[in-house]
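Trainee: Residues per chain are reported as follows:
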Amino acid sequence: MRDIGAFPETVFSLGPLHVTTTVVTSWFVMGLIIVLSYLLKRSLAVRPSIVQEIVEAMFEAIETTIRDVLPLDPWKVVPVLGTLWIFIGFSNLVGLLPGMKTPTADINTTFAFAVISFSLTHVFGIATQGLKGYLAHYREPTWLLFPFHLLAEITRTVALAVRLFGNMLSGEMIALILLGVVGFLVPIPFALLHIIIGLIQAYIFGVLTLVFIAGGIPQTTEGGQ
Amino acid sequence: MKFDIGTFVFQVINFIVLLFILKRLLYRPVREMLQKRRDLVEETIRSAEDARREALQLKEQHRQEIEQLHGLQEQMLQKMKEDAFAERKRLLAGAEQEAALLIEKEKALFDSEKGRSELELKESAVEAAALFSARMLGEIADEEVHRAIWRKFLAQLEQIADHLVEKNLRKEPVEVELLTAFVMPGETLEELRTAMEAHLSRRVTLHASTNRELIAGVVLKACDLVYDFSLAGQVADLKRRLHEVV
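Protein sequence lines, in the order shown, are assigned to chains A and B. Counting in my numbering, the first sequence runs from 1 upward without gaps. Counting in my numbering, the second sequence runs from 1001 upward without gaps.
Only chain B is shown next, with the shape it has when bound in the complex (with noise of 0.2 Å):
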């Protein structure tokens, strides 16, 4: 083997063409695939740790409104706890009012029940003590009664002509209205018209009648004025004092 200068400038040259060639087809092409490679893996890791810093960003964001929103409820629940408790308070003082208030009216309406019950009662009793006595007068009195009672009439006759007068008696005839329990002998009836006369001094007219239910006695009525000597009068005064006592 000996050096041929031919075989070595080919060789020299063929490396030279070998390396312009490669240069334009595989080393520039390769280089920029690499590089843009590079900068795609770089825009990657760039947008990944953009895309992780919005994250985080919106991670404490979040945490931020979530905090905000904790405070919010806080204060929400004190200010609802404070108006509920408020609430309450108000509710008690307006039920404890209407309890009053009801209780207060009960109590006035149980005073006036009690009241109407107690008058009911009292009249009741005093109706019973009246009927009561009404009844037994009824049962126990009889024409002698009535006589003791006309005889004790007649004894006050001057005294009811002289309290006529004091009324200033005007008219003449006197008309005077007598009520008897039991039927009056017409003589008798007579006998106090004249003295009525007497002691009044003016002509007087008698208009007799018999009523049952003065039980006995006579009730005079004269110049709108009425003389009740009968036993239901007494009954009817008793009636009128046991009100005013009971």
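Pulled out of the complex, with its shape left as it was, chain A reads as follows (with noise of 0.2 Å):
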């Protein structure tokens, strides 16, 4: 498979830690979305520019899913959820740049994003009950049932990885033999459906990071504006 080029590559280690190819795309994207935000910030204005109105726009359609979803104060959730959205939006566009791989059609990258997702979920149901309040619904029905509640965060956590992995390394590797066996307008439809596969599996994995944060939230629960 390393000769197709869909897996990353070690560019240098620092110790025992590797940092590849998918760590320094990463890098750029995040550079890119930097400079992106350094510009819209500068070009903020009570009269908004086109740009601006459509990342308002973005802004208040998140803050309002989020509101319907959950009991809390949105702008507390829309950091790490938009953070989440634009970095694994960008991460999974990003492979259709010439010479760049798409960092999330790497299982390391999305597992680590699944684990971010995992940890939101128990930070934001601990900081809303507290540790014995958030950690008392695992009895729920009965302390019998607490292995299978385990099970449940660990599978939904390692599918939450494996379907975003999944979904984008397949992408890249079609995109890879088709550009190898026909040519190179062919696959040019493959990576239209990329695009719009890559900002769909973004947005399932955000929406399913705020249902799991909900999960661990009773809706009951004062705070929310």
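Hints may contain errors.
A short, non-exhaustive set of chain B residues, derived as facing chain A with CB atoms under 10 Å [claimed, not checked]:
{"id": "1", "residue": "Ile1005"}
{"id": "2", "residue": "Ile1016"}
{"id": "3", "residue": "Leu1018"}
{"id": "4", "residue": "Glu1032"}
Here are the in silico distance ranges between beta carbons for each label pair [as the list claims (entries may be wrong)]:
{"id": "5", "chain 1": "A", "residue 1": "Ala61", "chain 2": "B", "residue 2": "Glu1065", "range": "49 to 55 Å"}
{"id": "6", "chain 1": "A", "residue 1": "Leu179", "chain 2": "B", "residue 2": "Ile1005", "range": "28 to 34 Å"}
{"id": "7", "chain 1": "A", "residue 1": "Arg139", "chain 2": "B", "residue 2": "Leu1040", "range": "47 to 53 Å"}
{"id": "8", "chain 1": "A", "residue 1": "Val46", "chain 2": "B", "residue 2": "Gln1073", "range": "49 to 55 Å"}
{"id": "9", "chain 1": "A", "residue 1": "Ala136", "chain 2": "B", "residue 2": "Phe1003", "range": "30 to 36 Å"}
{"id": "10", "chain 1": "A", "residue 1": "Ala45", "chain 2": "B", "residue 2": "Glu1065", "range": "42 to 48 Å"}
{"id": "11", "chain 1": "A", "residue 1": "Tyr203", "chain 2": "B", "residue 2": "Pro1029", "range": "20 to 26 Å"}
{"id": "12", "chain 1": "A", "residue 1": "Glu140", "chain 2": "B", "residue 2": "Leu1040", "range": "45 to 51 Å"}
{"id": "13", "chain 1": "B", "residue 1": "Leu1040", "chain 2": "A", "residue 2": "Val123", "range": "20 to 26 Å"}
{"id": "14", "chain 1": "A", "residue 1": "Arg139", "chain 2": "B", "residue 2": "Pro1029", "range": "31 to 37 Å"}
{"id": "15", "chain 1": "B", "residue 1": "Arg1038", "chain 2": "A", "residue 2": "Met100", "range": "37 to 43 Å"}
{"id": "16", "chain 1": "B", "residue 1": "Leu1034", "chain 2": "A", "residue 2": "Leu36", "range": "14 to 20 Å"}
{"id": "17", "chain 1": "B", "residue 1": "Pro1029", "chain 2": "A", "residue 2": "Thr64", "range": "17 to 23 Å"}
Note that these hints are calculated values from the structure, not bench results. Glycine residues also receive a C-beta, built at the ideal position from the N, C-alpha and C atoms.
Assembling the complex is the task here: the two chains are given apart, and the hints tell you how they should meet.
Mentor: Pasting the structure below:
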């Protein structure tokens, strides 16, 4: 598989840690996001430009979605959820650029995002109910089901990581195979499909994270705006 | 593909770093801007609501003022009607009074003119009658008539003398002025003077003269008394009596 370049390669090492092409591409994505954010911040005005209106509409949509699901101040969740959406979305699409590898086609990246999602579920659960209150839901309806709760936590986290990884890796591999087999122009429709799949997968990842967070918070919890 | 702890750790760190940076660079400014715009929208809505409320208040105030003005207008119209009615009544009364005075005045003037005209008419009638009588007498009266009157005068001479005596005649000689319509002979006049001296028992000076205006007859004047036996005197007497009668 290394022959077709779908898997990451080590660029350099920092002691025992290998810095792969995935990490470097992620840094590029981060840099791109930061630059775009900086440019957007500079152009923010009370009378908005079209770009600002689009961005504000997106954030309002995120805010509305969170408010509909969570009984919390939406802006407590917007940064982490927004960062997940933006980071995963850009990561899914960056592979379309020549010479770039899709970071989310690396299981380590998707697993990292899944662990972050898993952590966020517990962080918000504990933050809203306290440790004791949060852990109490593991004994519902009985302690006997605790192992199943634990198994569900692990499997849904793994499923989250594998779903994203599988979709992005398959897309990338199909593109690479088609590029190698039938030439230059044929993969273009598949690339367009890859864009849609990338955005949808980012959206699904974020929404599932939001659902997991909401599952860890009782709907009667006070504090929502 | 195998699990690489290095990539995993770097990606987790990358996410945290990106989250930290975007919080400052993107989320906070966008949230502040959204909040600012919401505040602006709310402020605009509040301002619009205030303006609408103020407009409604002004409209209500305007309506009340219009109603007050209508009420005031009604009152003024009513008062003007009453004033106009009173003024009309007063003017009519004044006009009626003035008309009555005018009618009275015109009536008085008319009566005065009527009286004056009647008087003038009477005067003219009397004058005409007198003139007619004088003319007619002047036509028919001759010296015969004059002598007849003279004889009548002589017949009443005694009564005239008694009358003069009654009037306390003191002067002597008694100055007697005698006017005749025709020239009387000297002896006739002397006879008259003698007869008067006999009746008066005093001397008499007679001054005789002729005046054709007497038509016929004689006029005797003595001691401020006049005894008229002329036709002119008769006409004058007629004229006076006509004045009294008409």
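Trainee: Hint by hint, note whether the structure agrees.
Mentor: Structure-based check of all given hints:
no.: 1; hint: Ile1005; result: holds, 7 Å
no.: 2; hint: Ile1016; result: holds, 8 Å
no.: 3; hint: Leu1018; result: holds, 5 Å
no.: 4; hint: Glu1032; result: holds, 8 Å
no.: 5; hint: A/Ala61 x B/Glu1065: 49 to 55 Å; result: holds, 51 Å
no.: 6; hint: A/Leu179 x B/Ile1005: 28 to 34 Å; result: holds, 32 Å
no.: 7; hint: A/Arg139 x B/Leu1040: 47 to 53 Å; result: holds, 50 Å
no.: 8; hint: A/Val46 x B/Gln1073: 49 to 55 Å; result: holds, 51 Å
no.: 9; hint: A/Ala136 x B/Phe1003: 30 to 36 Å; result: holds, 33 Å
no.: 10; hint: A/Ala45 x B/Glu1065: 42 to 48 Å; result: holds, 45 Å
no.: 11; hint: A/Tyr203 x B/Pro1029: 20 to 26 Å; result: holds, 24 Å
no.: 12; hint: A/Glu140 x B/Leu1040: 45 to 51 Å; result: holds, 47 Å
no.: 13; hint: B/Leu1040 x A/Val123: 20 to 26 Å; result: violated, 34 Å
no.: 14; hint: A/Arg139 x B/Pro1029: 31 to 37 Å; result: violated, 44 Å
no.: 15; hint: B/Arg1038 x A/Met100: 37 to 43 Å; result: holds, 39 Å
no.: 16; hint: B/Leu1034 x A/Leu36: 14 to 20 Å; result: holds, 18 Å
no.: 17; hint: B/Pro1029 x A/Thr64: 17 to 23 Å; result: holds, 20 Å
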